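Undergrad: Chain by chain, the residues:
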Amino acid sequence: MTPGRSRRAGPRAAPRAQRGKDAASYSGARTPRAPDYAQRLPRRHYPDGLLAGLAAGAFLVALALGAPACSRRSAPPSPAPAPASLAARVVSLAPNLTEIAFAVGAGERLVGVSDFSDYPPAALAIPRVGGVDVSAERIASLHPDLVLASGDGGSIRGAASALASSGVPVLAVSTTSLDEVLAAIRVVGARLGRAEAADELARRLDARRRAVAAKTAGARRPRAILLVWPDPPQAAGGRTFLDDVLSRAGADNLVGGRPGWPVLSSEWLATAPIEVVVVPDSPGNRPVFDRSFSTGPLSRGRVKAARIVRVDESVLTRPGPRVFDALESLAADLPR
Amino acid sequence: MLWLAAGLLLAVCVLCGLAFGGVRLSFSDLWSGAGPAGQEARLIASLRFPRVLLAALVGGSLALAGASLQALLKNPLADPFLLGTSGGAAAGAALATLAGISPLLSPGAAFAGAAVSSAAVASLARRGGRLDLQRLLLAGLIANAFFSAVLLGVFSLASSEAARSMLFWMMGSLADASPAKLLALLPYAVSGAAVLLLSASRLNLFAVGEENAAALGVNTERSKALVFLAASLLTGAAVAFAGVIGFVGLLVPHAARAVVGNDQRLLLPLSAITGAALLVAADAASRFAAAPTELPIGAVTAAIGAPLFAWLLLRNP
Amino acid sequence: MSDAPALLEARRLEASYGPNAALRGLDAAIPAGEIVAVLGENGSGKSTLLKVISRIVPPAAGEILLDGVPIGSLPRRETARRIAYVPQSAELVFSIRSLDLVLQGRAPYARGFSADSDEDRRRALEAMRACDVEGLADRDAAALSGGERRRVFLARALAQEASIWLLDEPTAGLDPRHRFQFLEALTREHRARRTTVLLVTHEIELAAELADRIILLRDGRALASGPPAEALTRESIREAFAVDARVDHYPGGRPRVRLEAAAPGRGPGA
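Chains S, U and L, in that order, are what the protein sequence lines are.
Using our numbering, the first residue of the first sequence is number 28, and each one after it goes up by one.
Using our numbering, the first residue of the second sequence is number 3, and each one after it goes up by one.
Using our numbering, the first residue of the third sequence is number -11, and each one after it goes up by one.
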């Protein structure tokens, strides 16, 4: 409620001034979809699009639904992280940010987390602030001195920007590549007073990443796609962190040239030279994927014959520290 | 001559629909079927063929339903989408999916939804025993608002997995065409089309006015119920398997009218053929334009339809 | 007066059409072969009567007898072959060739999904010739003038081969030439075909001059009925229309009516 913390007063220049490896954390402009997209999208975006569509035409559905996938505006720039302003009461609006907070040893500072925050188990005990429809009022009632939000998260843009303009510091974190994930760990760590632990964690993760790179260097790169959803088949395209994971694990992403999350046609799936299909695996997902491979859109041609590599969904689809586990297991499981 | 041209148009569109898509299809490979290339060509054809047929059935159904409703209601803006029929069908199919009913039965549920919507809209629009046209369009608006609320409810109750699939269906997609679905659709499409085509003469009288039809010996209440029901059948079947596709039911009859005039005995079959051709072509474009991604077919029909409609509007003020 | 067997007969007829036009227990008899004019204020139920006879509006109570048979018990197509309705104005949304509009008169004779037969076409063109609109056959009926269109609808009634014509305010809005042309065609074809004509009009003078019989309506009931000389009196006109009129009678001829002043005590349309 301090007027000085209005949207305009947010020092837009500050993040740019320190544009180093951390700069990505503040960008968010034109970055692709939120990391936990797969969980969020169905509940929130669909009905919005449908409402518009029924009111104004089927084509509007397409536009409304296409919009979150391709155009994105960040939350208002958050205040610059000043070393003096260490956050003590933190609310995390995304499961990967919750994981990062715990991983840098600052889990006890979280006073509220998004509904999807189920890792580590200690996170389950923290008050929930909503899943997709996070309530700005509920968050404000927790008196946070920092809100962590996905900088590229369309669904929480509303609440995060409402909080920011009412004076609550919001840190918009973009995690659309492994580099950005490492940068996010450092920035979140710094804001939570765990800069050294965060640096140490980031260094270790980076070392593991380099080890994977060394192992896969020179090896044959199988042609792969990573399906985040089977029906209709939707893949991780270019400029997504999953594309980064896939190629660093040693595969060629066949749809890496197409940014975002393209829905693939059965014809292409039946005839493209797909060797490997990477799928996120969870008890909820598995029957849907199985059905698609047996009778659905993945049941014909090349995609049917491809090798399926399953990676635990919560490890693979959340750009936090554990995504490096996914990188390693994927690198080990890919056929060469 | 007219029918030759219409048939030719449909044939060309079907050939284009088979030839163009996410990947190239070589007809010589398809014909020989030899070797990996031949097998691949046959595989693609086996994916594409039911899809082209589905597009034709859906396009024809929507255009025929639109043309019939326009004549029945003496309103060139009547269309299954504007009158809430599509919305009712979508809600019916979504409810059926939520209840776990087999997708092959969803045309039945969509038809029920479409019929309920039509009946509700018609009774809302009734005033002093007559169907009031302005009220009809408003009632369609209300129905659309209501059924979108139903859809919202279904979406929030459905598992996120089911909701995701439903969403893509809603946007309009012919992607999951299969012979089984074609067979499930056929009875609805054929019976609905038969009723409407046989009503063509009566619809001519309605196109001048409902009182006109009554004075010339038509049992107007029965005819209206029959045409609404048949249009709901066609719309329900189309929506159940291809989602909500706008503009076909509105635009195609206008284009056909510009060619043959307003005799429903010519206009209805020509609309059906043109609608089939248009949707087959639009579907080919949706596969081709952004391959390997497919554009939502509804977006393609709107992109083709809206400018054409504007042009028609400017041409005949 | 009504000794001649009635072709059409309304018995305690009640019906409503729209918000404020209604029949409230109308009794009336229409003998075959006559021109019958129905007069009355707006809302007195004149047009409703035509719509009930042509089966556009179902009666709420009472009945219409056609040759002594309740009209509702007859097949619709059969009554449509015998009764033709000529609307006051038809708002044509879709363009339609005049010939096609006249061909619609053949609809009660058509079978299923059939193209128009040569016979239908011949009759339609003949009817158009009779009404002097043959030259308009290929024109869009929506683009015709009011008078031309009304003659096209009259031609349709001829093509329909109906013996009863119902005309709703046939002269409203016509300029003198079109009015003359229409009435000329009407009386000529009426005589030639010996049809029964029931016409609704606001023109008392026209009714007095043209009709063999007048039915004067007030509040959905018949106030007076009979030959013009009997039905049109200063008193009946005053009661029906709230105007004072001068009615000049000529022995053996038609009365001449001249309106003089609005009568006090009742506003028009009340």
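None of these hints come from the bench; they were simulated from the model.
Here the structure is a predicted model, which is why all the values come from computation and not from measurement.
Watch out, some of these pointers could steer you wrong.
[Unchecked claim] Among the chain S residues that face chain U by a calculated CB cut under 7 Å, a handful are:
# : residue
1 : Thr243
2 : Pro259
3 : Ser293
4 : Pro300
Cβ coordinates follow ideal geometry from the N, Cα and C atoms, glycine included.
Undergrad: Each hint needs a verdict: does it hold in this structure or not?
TA: Hint by hint, here is what the structure shows:
With a cut of 7 Å, the hint placing Thr243(S) at the interface with chain U is violated, because the nearest CB-to-CB distance is about 26 Å. Residue-level restraint check for Pro259(S) holds (minimum Cβ-Cβ distance to chain U is 5 Å; threshold 7 Å). Hint status for Ser293(S) relative to chain U: holds, with the closest Cβ pair at about 5 Å, below 7 Å. Nearest Cβ of chain U to the Cβ of Pro300(S): about 11 Å, over the 7 Å cut. The hint is violated.
In this structure, the earlier hints numbered 1, 4 are contradicted, and the remaining ones agree with it.
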